[in-house]
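Generate coordinates for the entire structure from the input sequences, incorporating the hints supplied.
2 protein chains.
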Amino acid sequence: MDVKSDVLELGKRAKKASRALASLTTGVKNDALTAMAEALMANAEHILAANEKDIAEASAKGIGANLLDRLMLNTTRLKEIAEDLLDVAVLADPVGEVVKGWKVPNGLSIRLVRVPLGVVAMIYEARPNVTVDAAGLCLKSGNAVVLRGGSMAANSNAVLTEVISKAATGAGIPESAIQVVSSTSREAANELMRLEGYVDVLIPRGGPDLIKSVLENSRVPVLYAGAGNCHVYVDAAADLPMARRIVINAKCQRPSVCNAAETLLVHSSVADRFVPLAMADLTERGVEIRGDERVRALHPEASTATEEDWWTEFHELIMAIKVVDSLDEAIDHINTYGSGHSDAIVTESYEAARRFAEEIDSAAVYVNASTRFTDGAQFGMGAEIGISTQKLHARGPMGLQALTSMKYVVEGTGQTRE
Amino acid sequence: MDVKSDVLELGKRAKKASRALASLTTGVKNDALTAMAEALMANAEHILAANEKDIAEASAKGIGANLLDRLMLNTTRLKEIAEDLLDVAVLADPVGEVVKGWKVPNGLSIRLVRVPLGVVAMIYEARPNVTVDAAGLCLKSGNAVVLRGGSMAANSNAVLTEVISKAATGAGIPESAIQVVSSTSREAANELMRLEGYVDVLIPRGGPDLIKSVLENSRVPVLYAGAGNCHVYVDAAADLPMARRIVINAKCQRPSVCNAAETLLVHSSVADRFVPLAMADLTERGVEIRGDERVRALHPEASTATEEDWWTEFHELIMAIKVVDSLDEAIDHINTYGSGHSDAIVTESYEAARRFAEEIDSAAVYVNASTRFTDGAQFGMGAEIGISTQKLHARGPMGLQALTSMKYVVEGTGQTRE
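Taken in order, these protein sequences are the chains called A and B.
Quick note on numbering: the numbering used here labels position 357 of the first sequence as 359, and the sequence is numbered without any gaps.
Quick note on numbering: the numbering used here labels position 63 of the second sequence as 65, and the sequence is numbered without any gaps.
No lab work stands behind these hints: they were computed from the structure.
Among the hints, erroneous ones may be present.
When chains are identical, the list treats them as one kind, so a pair holds in a single copy or across two.
[To be verified] In the DSBU-like style, the derived pairs of lysine-lysine whose C-alpha atoms are separated by at most 35 Å in a straight line are: (1) K214 <-> K6; (2) K18 <-> K214; (3) K14 <-> K214; (4) K81 <-> K105; (5) K105 <-> K168; (6) K17 <-> K214; (7) K102 <-> K81; (8) K102 <-> K17; (9) K102 <-> K214.
Here's what the structure looks like:
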């Protein structure tokens with residue numbers, strides 16, 4: 003069978019499964035999540051062998067240590083993945099929630115009820131844990147899922163999906179609720195983007211190339227788990243010791259993630275005092291600095307920040323630093339160059355805090371805290387399937403609720419419209 | 003200037019305006035809506051002259067009476083359009099609503115706040131009232147709007163937009179909050195679909211050709227104001243006199259709208275009694291019947307329904323009728339052929355009502371009421387910008403809330419992540 007009909011068949015089976023999934027009780031879904039977690043541990047040897055094969059192939063291709071680490075499974079990591087499924091089982095079931103309900107003058111009762119989206123397709127990088135996390139979150143929210151992971155994780159994903167899918171059907175989940183696209187070709191991804199009528203939402207997680215391809219090719223609704231070009235702005239009225247702690251944390255605590263800060267903006271009235279302190283803090287931690295002219299005047303060792311740098315999510319120990327003359331300039335810079343992910347102000351000024359929170363057009367806006375908190379678990383929402391930087395449907399960490407839609411149920415006694 | 007740069011400039015101006023719009027007080031927005039309503043009446047002569055020009059050109063092209071009627075303005079209609087703006091002024095401002103708020107263990111305060119989407123682009127048919135309605139709803143929800151109406155209404159839209167835009171800026175609304183794309187070419191529409199970074203959501207309202215073009219070309223997020231292939235299912239346990247009233251209302255009260263019914267499904271156990279009654283009711287009202295074999299056995303005058311008919315939104319006095327042997331068959335037919343808009347069951351069976359409400363995958367599911375109620379005003383939500391049949395972001399009538407997004411505002415005292 004060719005890739006096109008193969009993906010179409012997956013889509014059809016997923017749509018069929020989604021009808022049955024929508025009506026499952028929470029009890030059945032939770033039992034299945036538990037069975038999936040148990041099956042992962044029971045099949046650990048089989049899973050780790052498949053992963054070793056992926057690792058060997060990736061190493062042979064000369065893949066970098068960072069990517070290899072993301073790809074690698076071991077017993078501890080597999081246990082954590084299994085525990086994530088048990089954590090999802092504990093979360094409240096979003097399906098069936100009556101979001102609101104009222105009566106209209108003619109006597110009709112209207113309820114707005116939360117329902118699954120239907121079929122979720124996900125295209126993501128070579129991280130096997132995402133395979134299991136996505137399957138668990140989609141199952142709990144009553145959706146069928148079609149997974150298309152990175153090619154480097156193909157062996158791991160095939161075995162993981164086989165194991166959890168079998169455990170799920172054994173616990174009463176319909177066949178084809180969890181499927182993986184076996185081809186890791188670009189063609190297969192493109193077909194998935196064009197399955198209108200079968201895929202209710204596509205969640206792409208990956209770099210600029212994937213996002214560009216989705217923009218060009220997708221015909222199905224998309225939830226971008228977007229990039230994060232995040233900022234910390236140290237205001238004129240900042241508590242400078244607090245600002246130092248926040249800048250260090252936002253940049254250095256885990257530089258490879260999307261909520262790490264990339265650009266530091268400093269108000270000119272505190273630049274003379276703050277920039278040298280921040281430079282020392284950052285360089286001491288191995289951060290390469292790219293500064294504008296005023297930063298370089300204070301610290302000539304810094305290289306010159308280019309226009310490109312203000313747009314860049316470095317994802318590593320590099321930070322661009324710019325001196326600004328006003329809150330307006332800071333807000334304007336962030337709204338221009340930022341990706342609408344997470345941005346922070348450090349200030350003791352009520353007015354500056356209020357304006358920053360209102361005017362910054364991002365999923366998460368922080369006052370006096372690190373950008374690193376944009377995360378489903380940190381927000382107390384439980385596991386997330388990604389962090390949305392788009393404005394439709396879901397913004398910020400996407401938990402179970404982001405995987406649902408609504409419908410109106412209208413009950414009458416024979417009402418007709420005049 | 004060519005169309006491409008022209009549309010890009012509109013987008014840039016709209017994005018700039020959207021920043022200022024987001025922070026406007028409700029008072030300023032309501033004053034502007036009132037000023038816009040007054041300006042429409044004060045400029046009635048000018049507006050009606052432009053509309054006459056559109057009507058004359060459309061008539062010369064031999065446009066049908068139905069479309070001409072949608073295009074036509076007169077003093078009464080203009081007054082209604084102005085009153086619609088005043089109705090929007092009365093609606094609660096969605097912007098700034100704290101949807102929820104909580105504290106997490108480390109002391110961070112998190113609020114989920116409703117904010118405007120930013121820039122809304124709308125592509126729609128030749129109905130001048132939509133121009134004003136959309137401008138009013140977008141303004142109240144703090145969005146900039148870029149309008150691209152049907153070419154037949156070009157003169158009307160240009161004057162209407164000029165009048166309301168001038169009134170709005172006079173009342174303190176930023177320049178370029180309400181703009182119209184002057185070119186009604188397909189190229190202009192395509193450019194609007196590709197303005198990523200400037201257009202936060204595109205709302206296409208129109209026929210299958212427009213939807214197809216949006217599917218092929220759009221790179222910006224889309225909210226489809228979709229088609230309605232709506233059904234009434236008369237169950238084995240239906241109150242037949244009620245079923246007759248509902249079928250007549252759903253099909254005949256206003257056949258040209260999206261929530262009118264197109265297909266009638268009848269359970270075989272009541273078909274002998276119900277089909278002849280329904281056929282008489284419908285043919286008496288000028289409805290052409292297309293039936294399956296079992297319907298034609300009961301009423302040989304009916305023409306034969308084709309596979310194509312089950313998929314079709316007739317938008318006129320035609321109804322397809324099919325006899326089904328079970329609730330399952332009815333649900334399966336609707337979920338297969340329907341457009342996920344509005345579908346009704348007529349039944350006195352608790353079990354059938356419950357299953358239909360749960361298993362039909364549509365924006366609005368009715369028990370013992372006409373499908374004709376799917377409408378913002380009928381639901382008590384106020385004016386709507388369209389009815390969504392997609393599952394992301396908004397489903398069913400899209401009022402002010404559908405024109406908003408959310409953001410997280412996180413306030414701390416120096417928190418950093420461990």
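Quiz item: Checking K81 and K105: alpha-carbon separation at most 35 Å within a copy, between copies, both or neither?
Solution: Close across copies (30 Å), not inside one copy (49 Å); limit 35 Å.
Quiz prompt | Copy assignment of K14 with K214, given that the CA separation must stay at most 35 Å | solution = both (26 Å within a copy, 21 Å between copies)
Practice problem: Measure nothing new, just compare the shortest in-copy and cross-copy C-alpha distances for K214 and K6 to 35 Å and report within, between, both or neither. | Solution: The answer is both: 21 Å in one copy and 20 Å across copies each meet 35 Å.
Quiz item: Which holds for K18 with K214 at a C-alpha limit of 35 Å: within a copy, between copies, both or neither?
Solution: Cα proximity of K18 and K214: in one copy and across copies (30 Å, 25 Å).
Quiz prompt | Intra/inter-copy verdict for K105 and K168 if alpha-carbon distance must be at most 35 Å | solution = neither (45 Å within a copy, 40 Å between copies)
Self-check item: Identical-chain pair category, K102 with K214, by Cα at 35 Å
Solution: Result: close only across copies, 34 Å inter versus 38 Å intra.
Quiz prompt | Intra/inter-copy verdict for K17 and K214 if alpha-carbon distance must be at most 35 Å | solution = For K17 and K214, the Cα distance is within 35 Å both inside one copy (27 Å) and across copies (22 Å).
Quiz item: Are the CA atoms of K102 and K81 at most 35 Å apart within a copy, between copies, both, or neither?
Solution: Only across copies: K102 and K81 sit 34 Å apart there, 39 Å inside one copy, limit 35 Å.
Exercise. Have a look at K102 and K17 and pick one of within, between, both or neither, based on CA distance no larger than 35 Å.
Key: both (28 Å within a copy, 33 Å between copies)
In this structure, the one hint that does not hold is number 5.
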